[in-house]
Amino acid sequence: MSIRRRLLGFFARRPAAGAWALLGPGLLWLLLFFAIPLAVLIGYSVLHRGTYGGVSPGFTLEHYRRFSDPIYLAVAARTLRIALATTGLCLLLGYPVAYVIARAGRWRNALLFLVILPFWTSFLVRTYAMIVLLRTGGVINSVLMGLGVTGAPLDLLYTPGAVVAGLVYGYLPFMILPIYASLERLDLDLLDAAEALGARAWSRFRRVTLPLSLPGVAAGSLLVFIPALGAFLTPDLLGGAKTMMLGNLVQNQFGPARNWPFGSAVSFALMVVVFAGLMVWLRVRDAEGEA
Amino acid sequence: MPELPPIVEFRQVSKSFGEARAVDAVSFAVRPGEFFSLLGPSGCGKTTTLRLLAGFETPDDDGGEVRIDGEVVNRRRPYERRIGMVFQSYALFPHLSVERNVAFGLEEHRIPPTEIPGRVERAPGLVRLAPATYARRKPHQLSGGQRQRVALARALVLEPTILLLDEPLGALDLKLRKEMQLELKTLNRQLGMTFIYVTHDQEEALAMSDRIAVMSAARVAQLGTPAEIYENPRTEFVAQFIGEANLFGGVAGRAGGGAGGLRPILQADGRDLLVPDHPGLREGTEVRIAVRPEWLDLCAPGEVPPGENALPGTVGDVIYLGETMHVVVTLAAGARVRVALRNEGQLLNPLRWTRGDAVMVAWRPEDCQVLEPA
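Protein chains in written order, with the working numbering: chain A, 1 to 291; chain B, 1 to 374.
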């Protein structure tokens, strides 16, 4: 019997072994590059700070207590505000786009292609392009001044607004694609049925299209909100020193501040908060689904 | 009794999608309270016709008139037409409970909120759906039959004057379908509501309809009662689409060439078939006739009753269908015909024909339908 036949026979007799063989590589990868580093991170967060980076032995919770410092609370609040604004703006801009693409018939694939086109260049390059647009002598200010809308250049760059703009630009496709997927699946008979039952256009949207696209809205919002919470590159380049977010704080602790335990504590706390929020949201959603 | 004015009227209605004509100069009128079916194969334009009536499609600019209650409604939206509609896919709102689905139309029509619960509660009774059991369930928790009942209740609760049904039973299994056919028929009679029913299932259309418009290639091929359509099919298409038909062809002979208003048709092999004379028949032109399997009989050669048409052939397959036995006969001229014989009980009184027997396929001259050229 050939090796191939023996292998096939082995897996045919043991379906569970087949499942493990498929899961194995992925699980191993996650263990090596997610679970173990996470454990290290949690460990670091309760140890003492090493003088030149790293950690020194001894258990402590002082890094978690440092959060009560108003400076860090302000960073956390700003991070939340920026992430929420980014998500909200992505939703406002992305939903109509997804709606049009889902109804675009034969143009659908071409439009989807345009949505993912920005991914073909690096995020860094695109963020630098935003600087060119927003800076004092940049494109937007030149146009505004040229039109006489404003006399002096506006301070656009290095503001929370610039960070939100950069994040929206970067994450918009993550909002559009899941919403598009849920709208595209929508059975058009439902809209006809609603119309035959007396529903005018707005009512059909509010009572049929919108509720049935909510799973896409939820998925898109998570895909934007979570990375926006942890963003560090965009606030670094577009926000300047005044617009520090939690991501920058972490980066800073592992870099110049050389306080690895505090950086670990911030990272882990952020993760716990995101995870807890996600759990609450899933519970609420399932409860609604059963009602 | 004076005839009531039609509740629905199509006058030369056409609808094109790009180059393709989906509905081509279709005309018909539906009487109030009638069970009217649009029957045809897929792509014949029956669903587009229904959607034109519902208001989901608008006729072409020079595409005739759709009238409801005498008024031209070409450009009116569905919600301005007092129609109810039931879809093959049921089209129940998956995110709403049965109760909320039924209430949907009432809410959209601004029925006072105090009235809604009462009407929602009564509606499922119409379609034999126990209200208490299902009210709070979501559509996905129901069976196909239950879903279609909810869809019906949702449409009926608004008391529309016309109920449009687009292949509503297409997704149900045979037994349930038969059951629902009867129920729909009963509902139509009890409520006095006009039902317009789209189907590709000819048996279903025959069983339920007061009248049927048979559609083919974007046009109405024939309009009439089930008996008219089945017994007097006007074209080859109708003859073959509704029920089964054996087709014969030949050249028309001289008028009065047979006794009692019959006219001979000359077959290719030189035999004459007699058919009832028909104003469309002209001597020397091609004629086609349709004969239903149950209009045919089998005789031993030499036992053909006098005055009947008869063609020689050989018995092929014998098909047991319960109520009837179908005998496939290969004619001497090469064509195959189906003969339906009543099943007298194969165990006690078996058929006298078996494969290979030489037989005569015979029928009375008046038992055939002269077809119009397509």
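To be clear, the hints were calculated from the coordinates, so they are not data collected in a lab.
Each residue gets a CB set at the ideal place from its N, CA and C atoms; glycine is no exception.
Heads up, a few of these hints could be off.
[To be verified] Derived CB-CB ranges, DEER-like:
no.: 1; chain 1: A; residue 1: Leu144; chain 2: B; residue 2: Arg137; range: 35 to 41 angstroms
no.: 2; chain 1: B; residue 1: Arg137; chain 2: A; residue 2: Leu8; range: 55 to 61 angstroms
no.: 3; chain 1: A; residue 1: Gly9; chain 2: B; residue 2: Arg137; range: 43 to 49 angstroms
[What the hints assert, rightly or not] Covered stretches of chain B (in silico footprint by chain A; criterion: 3 or more residues with CB under 8 angstroms from a CB of chain A, positions within the stretch not fixed):
no.: 4; stretch: 75-83
no.: 5; stretch: 104-112
How the hints compare with the structure:
About 58 angstroms separates the C-beta atoms of Leu144 (chain A) and Arg137 (chain B), a value inconsistent with the hinted range of 35 to 41 angstroms. Arg137 (chain B) and Leu8 (chain A) have their C-beta atoms about 45 angstroms apart, which leaves the hinted 55 to 61 angstroms range violated. Hint check: Gly9 (chain A) to Arg137 (chain B), Cβ distance near 46 angstroms, so the stated range 43 to 49 angstroms holds. A stretch counts as covered by a chain when three or more of its residues have a beta carbon under 8 angstroms from one of that chain; for the stretch 75-83 of chain B and chain A the count is 4, and the coverage holds.
For a cut-off of 8 angstroms, the count of residues in the stretch 104-112 of chain B with a CB near a CB of chain A stands at 4, and the three-residue condition holds.
Figure legend: structure checked against the earlier numbered hints; hints not met, in rising order: 1 and 2.
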